[in-house]
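Undergrad: Sequence:
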Amino acid sequence: DATYLSIFTAPLKGAYMFSFSVYGHANPSTPSTVSIVKNGEKVVIAHGHQDQYSVNSSKEVVLILEVGDVVYVRLWSKRWIYDDQSNHITFSGYLLFPLR
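Numbering-wise (this note's numbering), the sequence shown opens with residue 9 and increments by one.
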């Protein structure tokens, strides 16, 4: 099983920049692993092992998207991350430029 942390559907064809950051704070034997996925295919992975009970990791990627393409952040099965009102987990994206 997987947990989807955020989902984006492209409204325009173009080049998009996506970034995410995660924070893990749990048992040191449980790693934190998340990935950006485009239309069901992993694009980039952030992985951290919590040697000292906490880990931070982040990634960025530029993707060429067609109208309707779906991009999301996925937490891997049996992995842990932590969030609260301080927003330790972020996912953002923006259109760099449209394409014809």
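No lab work stands behind these hints, which were simulated from the structure alone. Where is the CB? At the ideal position from N, CA and C, for every residue including glycine. The reader is advised that the hints may include incorrect statements.
[Unchecked claim] If you anchor each label on the Cβ, the simulated ranges turn out as follows:
no.: 1; residue 1: 108; residue 2: 64; range: 20 to 28 Å
no.: 2; residue 1: 23; residue 2: 93; range: 29 to 37 Å
no.: 3; residue 1: 21; residue 2: 93; range: 30 to 38 Å
[Said to hold, decoys possible] Below, a list of computed lysine to aspartate or glutamate pairs in the EDC-like style, where the Cα atoms sit at most 16 Å apart:
no.: 4; residue 1: 21; residue 2: 77
no.: 5; residue 1: 46; residue 2: 77
no.: 6; residue 1: 21; residue 2: 68
no.: 7; residue 1: 46; residue 2: 74
no.: 8; residue 1: 46; residue 2: 68
no.: 9; residue 1: 50; residue 2: 68
no.: 10; residue 1: 50; residue 2: 77
Undergrad: Broken hints, numbered, in rising order?
TA: 1, 6
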